[in-house]
Structures are given as C-alpha cells and as structure tokens.
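So the protein sequences, as listed, match chains G and Y.
Quick note, our numbering runs 95 ahead of the 1-based positions in the first sequence.
Quick note, our numbering runs 95 ahead of the 1-based positions in the second sequence.
Honestly, the hints are just simulated from the structure, not real lab data.
Mixed in with the good hints there might be a few duds.
Remember, identical chains collapse to one label, so a pair may be satisfied in a single copy or spanning two.
As the list claims (entries may be wrong) - Straight-line Cα separation of at most 30 angstroms, DSS-like style, residue types lysine-lysine; simulated pairs:
| hint | residue 1 | residue 2 |
| --- | --- | --- |
| 1 | 440 | 315 |
| 2 | 315 | 434 |
| 3 | 286 | 408 |
| 4 | 339 | 401 |
| 5 | 408 | 156 |
| 6 | 434 | 239 |
Number of protein chains: 2
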Amino acid sequence: MKGERIVELLETDYPIIQAGMAGGVTTPELVAAVSEAGGFGTIGAGYMEAEAMKDSIREVKKHTEKPFGVNLFVPGHPSSSLEEEEKAMRALHPFREELGMEAAVNPDIPYVFGEQIEGILAEKVPVVSFTFGIPPEEVIRSLKQSGIKVMGTATTVEEAVLNEEAGMDAIVAQGAEAGGHRGTFHVSFEKGMIGLMSLIPQITDHVSIPVIAAGGIMDKRGIAAAVALGAEGVQLGTAFVTSKESGAKRVHKGAILEATEADTVVTDVFSGKPARGIENRFIREMDGRTILEYPLQNTLTKPIRKEAGRLQKTEFMSLWSGQSPRLSEDSAAADIIRKLSEYWKESL
Amino acid sequence: MKGERIVELLETDYPIIQAGMAGGVTTPELVAAVSEAGGFGTIGAGYMEAEAMKDSIREVKKHTEKPFGVNLFVPGHPSSSLEEEEKAMRALHPFREELGMEAAVNPDIPYVFGEQIEGILAEKVPVVSFTFGIPPEEVIRSLKQSGIKVMGTATTVEEAVLNEEAGMDAIVAQGAEAGGHRGTFHVSFEKGMIGLMSLIPQITDHVSIPVIAAGGIMDKRGIAAAVALGAEGVQLGTAFVTSKESGAKRVHKGAILEATEADTVVTDVFSGKPARGIENRFIREMDGRTILEYPLQNTLTKPIRKEAGRLQKTEFMSLWSGQSPRLSEDSAAADIIRKLSEYWKESL
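Starting from the given sequences, assemble the full structure and let the hints guide the process.
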C-alpha cells in the first residue's frame with residue numbers, strides 16, 4: 096500500500112491527517128471523530144495555554160483510544176517599539192469602534208511553548224507537529240526519547256531538508272493552495288508560495304523521510320494526485336473546518352461553503368504572519384497599515400475577531416480557507432474520512 | 096485511455112502539449128520535433144508579425160506532417176499618457192546606460208492580431224490557442240468554420256466557463272505554478288493565482304469540454320497527478336525551454352537548470368502583464384517604478400532584454416520559468432516526449 100510508512104508512523108488505518116488548525120476549530124470532538132474513523136486527528140494548540148491544551152488532550156482521550164496529534168507553533172523573537180504598537184493600535188481602532196468595543200491595551204507576548212512541551216511529555220501525546228520552524232535540538236531529543244513522533248512543516252525543498260536534518264519523522268509539505276498560516280520559516284513568505292504540483296516532487300527528490308501533502312486537497316482526486324506526485328500521506332484543513340464537529344463559527348463555515356477559488360488572499364493583517372483566508376473588509380482596509388510582528392498582531396486583533404464572531408460579522412473575522420472552497424461540504428468528520436479513504440481502499 | 100478526447104481533438108499520439116511560449120523559444124525545430132515524437136507542438140506567435148508567423152508555420156510544415164498549433168495573445172486596449180511614457184522610460188534608462196545603449200523612443204502599440212488570424216486561416220493551422228482573453232465571436236466563428244480547433248486559457252473557474260460559452264474546444268487551465276505570462280483576464284491577477292491542486296477539480300466540476308493542466312508539470316509524476324485531478328491532457332512550457340531545439344538563450348537555459356523552486360517571482364516589469372520568471376536585478380530594481388500597460392512596457396523593455404541576451408547578462412533578461420526548475424533537463428525534445436509519454440503507455 097502506498098502510504099504505508101505514514102500509516103505505520105501514525106498507527107492509523109489511512110494516511111489522512113486532519114490539520115492542527117489553531118483558534119478553536121479543532122474541538123476534541125473533531126479530533127476524536129477523525130481518529131476514530133481511521134484518519135489522524137490533530138489538536139491545533141498553537142495559541143493554547145498549556146493547561147487548556149492538556150484539558151483538550153484529556154478530552155480527546157475520553158472519546159477515542161486511537162492515536163492523535165498536537166500541533167504547536169515554534170516561537171520566534173518578535174519585538175516592537177511603543178511607537179509601533181501605538182500605530183498598530185490606532186490602525187485597529189476604527190474596527191473596535193464599529194463593534195462598540197473599548198480602546199485596546201498594549202499587547203503582551205504569550206510565551207507558552209516551553210510549558211506546552213512539558214504538557215505534551217506529561218500527557219504522552221503520540222505525535223507532535225510543528226509549524227513556523229524547527230524547535231531547539233533538546234526539545235526534539237526529549238520528545239523522541241519519550242517515544243513521541245515528531246513532524247515538521249516545509250514550504251520549500253530547503254525547509255524540508257532542514258526538517259529531515261533536525262530528526263523529524265515526517266514532513267508536511269504545505270503548498271501555496273493551503274488555507275490558514277503559511278509555515279514558511281527559512282525564506283520570505285513569497286518565495287515559499289510553491290504550488291503542490293511543483294513542491295511535492297522537488298521535495299521528495301531531496302529527502303528520504305515520508306512527505307505529507309497539504310494544500311487544496313479536499314477529496315479523493317486530490318489524494319490520488321498527491322500520491323502520484325510522491326506524497327505518502329495527505330493533510331486536510333479546510334475540508335474539516337466545515338465539518339459538523341468543527342469549532343469554527345457557523346458564519347465561517349457558511350463563508351467557506353459559499354466561496355470560490357478566487358475569493359481567498361494571503362494576508363498578515365490578522366496575526367502578523369501571512370495566512371490564507373477569504374477576503375473581507377478587514378483585510379482590505381488594513382492593507383498598508385502598521386502590522387506588528389507575530390504574535391503581537393494576533394494578540395491585538397484577537398478581541399476584535401472574537402467580538403465580530405459573536406456578532407456574526409464576517410467582514411471583521413479571519414475566515415481561513417484554502418483555494419478549494421467549492422469542494423467543501425457540511426458533513427460529519429467520520430463521513431469525510433469515509434469518502435477520503437475511498438482512494439486508499441481502491442488502490443489496495 | 097484517459098486523455099482520449101484531447102488525442103482526438105489534436106490528432107496526436109499523446110495528450111502532451113508543448114506550450115506556445117512567445118519570444119523566440121518555440122523554434123520551428125522544437126515545434127516539429129514535439130509533434131513528430133507524438134506530442135503536440137505549438138508556435139508561440141504572441142508577439143509575431145503575421146509574415147514572421149507564416150514563415151514559422153511553413154517551416155514547421157517542412158519538418159513534420161503532423162498537426163501542431165499556434166498560440167496568440169488576445170489584444171486589450173492599453174493607453175498611456177506621454178507623461179507616463181516618459182516616467183516609464185526614465186525608469187528604464189539606467190539599464191540602457193549600463194548596457195551602453197542609446198536613449199529609447201516612445202513606444203508604439205503593435206496591432207497584429209487581425210493579420211495573425213488571417214495568416215492562420217490562410218495557412219490552415221490545425222489548432223489555435225489563445226492567451227489573455229477570449230477573441231471576438233466572429234474570429235472564433237471563422238476559425239471553426241475553416242475546421243480549425245480553438246483552445247482558450249483559464250486561471251479560474253469563471254474564466255473556464257466563459258471559454259466554454261465562447262465555443263472553445265478545450266481549455267488550458269493554468270495553475271499558479273506556471274512560468275511565463277499569467278493568462279488571467281477576468282479577475283485581478285492575484286485572484287487568478289490558483290494552484291493546480293485546487294484549480295483542476297474545481298474547473299472540471301463546472302465545464303464539460305476537456306481541460307488541459309498547465310503549470311509546474313515536468314515529468315510523469317506531474318502528468319499522473321494532473322490526470323488524477325481530472326485533466327485530460329497536459330501542457331508543459333519550462334520543460335521545453337531547456338530542450339536542445341529551444342530558441343531560448345543559452346544563459347536562460349542555464350539559469351533554469353540551476354534554479355530552485357524558490358527562485359521565481361511573478362512580475363509585470365518586463366511586459367506590463369504579470370509573468371513568472373527567475374528573480375534578478377532588473378526585477379528587483381524596477382519594483383515600484385512606473386510600468387506601462389501591456390504591450391507598451393514590453394515594447395520598451397524588448398531592446399534592453401535583447402541586448403542583455405546578446406551580452407549574456409542574465410540580470411537584465413526575462414528568465415521565464417515555472418516553479419519546478421529542479422526537474423528541468425537539457426534533453427532533445429523527442430526524448431522529453433518519450434519520457435513524458437511513459438505515463439500514458441503505462442496507463443493503457
């Protein structure tokens with residue numbers, strides 16, 4: 096069977112991974128439903144405090160005994176002057192006003208990575224995947240020593256090679272089609288905007304660990320294409336945002352279900368890092384204004400997005416989506432896995 | 096056989112099309128070699144005067160009796176003020192100076208489309224493909240009445256539907272990975288930057304004429320993936336730029352052979368329309384300066400690129416390339432077709 100190495104690594108029925116999307120999409124119900132159905136669920140813990148992450152892990156374990164993963168964001172070293180902060184806050188003020196919110200306070204940088212790793216070790220999570228870079232050597236070593244599998248994210252051949260050299264067990268190759276945050280960490284994000292048709296064969300020619308394709312894959316056509324290109328597994332995000340178990344806001348799901356392939360853009364206005372989502376007023380009006388580095392900008396816009404979500408005001412929300420929204424469906428996660436696994440069943 | 100409709104339409108052995116790249120790459124030798132080997136060669140006549148195009152067509156016919164195509168650029172309605180022209184010329188002056196060239200003269204718009212169509216009809220070219228839009232109804236009608244097959248280019252679902260409605264026999268779906276000019280004509284070019292993984296299934300869900308995948312495809316892995324996504328044929332450009340019969344400058348071929356997937360950018364500085372090529376000094380230094388509309392900018396930069404090519408100064412040339420340059424090879428066109436056709440032979 097093609098995909099055997101990923102099936103063995105993740106101990107699943109099919110090498111189909113539900114992406115660890117941060118921001119509340121990956122409810123324990125979603126993660127457990129995916130793993131129960133024979134796929135591989137992932138908690139998107141990027142922004143989570145360690146305690147919340149551990150609660151989420153325990154909740155998943157209550158619903159399934161099958162393996163699942165946790166995705167973490169590798170922290171950088173952002174900085175901002177008070178002047179920049181004031182400018183960025185002024186840029187956001189009109190949106191707060193329109194939502195009837197009070198003035199913002201200066202953002203703090205949440206350093207949660209160390210505690211997240213401790214939590215992962217304590218909870219013996221089967222697999223951890225990383226986005227935004229490669230964690231320090233000692234982190235990878237301690238995870239592997241505890242029998243935890245590690246996966247990295249790459250958007251170029253060089254990033255894939257760096258992941259392999261760092262000891263990763265597998266690589267998620269994120270194509271330009273992907274929704275949400277760009278995982279690019281070694282070149283400018285523009286240089287890392289490589290379509291999967293180009294990315295997968297060039298990466299698999301240069302690494303020996305298995306490569307998982309991510310970006311725009313929504314059904315068995317995408318899975319078959321990814322395998323033809325040399326991928327041994329697939330990771331899907333948008334396909335699960337619209338699922339019944341997803342924690343995405345109803346209006347976010349609706350926006351994806353109604354969107355076309357030409358409706359998304361890559362923008363850094365929400366978090367300070369480039370990410371693909373459905374274009375809206377917030378993206379257009381923030382264009383060219385002061386944006387703080389990640390995660391400072393994320394901290395600043397979070398209350399705005401939260402309030403906009405409460406008011407179902409999609410124009411101010413981050414409506415993450417990949418480039419295949421026309422293929423999205425409002426189904427139960429188990430049904431999605433069932434349809435996606437048709438390719439693997441047919442190819443056996 | 097998958098791809099049957101394209102094989103029937105183009106009367107070839109395999110549904111493998113050599114893209115009609117403008118600017119001298121598609122020599123009659125290349126076009127004829129591709130068609131002779133069982134693929135489908137295309138003359139990139141976008142910028143050609145009708146007489147030069149007809150000479151090229153006759154030359155191809157001398158080398159092969161098999162069918163081939165001609166690609167044309169659908170003209171727009173550009174305009175520029177004298178003031179803009181002066182600004183654009185000033186922006187280019189440092190490059191002319193560095194190359195030891197004299198000052199430029201104001202650009203004319205070459206209107207060759209009508210005469211090109213007359214030439215196509217006179218020479219009874221089997222297939223014509225169009226880039227940058229859909230030609231007027233009467234043009235399509237007269238071509239079809241003469242038994243000439245017509246193909247359009249689409250970068251979004253809507254563009255594909257417009258092509259089908261206009262009576263095209265097939266559509267080239269150009270992914271964001273593709274080298275050279277973006278064919279986008281109905282949305283902003285940014286909105287038309289859809290990776291093939293997303294583009295093909297969404298287009299094939301919405302049209303009934305056959306779809307040909309273009310962008311980043313270089314070997315049988317790409318062909319298999321394109322077919323898995325729903326394409327019935329493939330079109331390759333970059334793979335043939337480096338071929339022995341290609342008219343590309345030696346240094347252009349060398350630049351592609353040495354490039355990585357992260358070396359290309361999409362820029363309008365050469366022609367006034369966005370196109371993907373290997374980043375160089377010209378692209379970087381022209382960023383943010385006055386660029387005239389296509390084809391005025393093309394007319395202005397053409398002598399600079401020509402002189403740079405003569406001096407083998409790649410930093411001032413348009414080094415068109417898709418996102419898979421690591422997969423490029425310096426082979427004879429017939430050998431490329433032979434390797435590419437392996438997929439079709441295996442799938443029979």
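Do the hints match the structure? See the list:
1. For the identical chains of this complex, residue 440 and residue 315 are neighbours both inside a copy (11 angstroms) and across copies (23 angstroms), given an alpha-carbon limit of 30 angstroms.
2. Both within a single protomer and between protomers do residue 315 and residue 434 lie at most 30 angstroms apart by alpha-carbon distance, with minima of 7 angstroms and 27 angstroms respectively.
3. For a Cα distance limit of 30 angstroms, the shortest separation of residue 286 from residue 408 across copies, 23 angstroms, qualifies, whereas the shortest one inside one copy, 33 angstroms, does not.
4. Taking CA atoms no more than 30 angstroms apart as the test, residue 339 paired with residue 401 passes inside one copy only; the shortest distance there is 20 angstroms, against 58 angstroms between copies.
5. Taking the shortest Cα distances, residue 408 and residue 156 never come within 30 angstroms of each other, neither inside one copy (34 angstroms) nor across copies (62 angstroms).
6. Taking the shortest alpha-carbon separations for residue 434 and residue 239, neither the intra-copy value of 33 angstroms nor the inter-copy value of 42 angstroms comes in at or below 30 angstroms.
Checked against the numbered hints above, the structure violates hints 5, 6; every other hint is satisfied.
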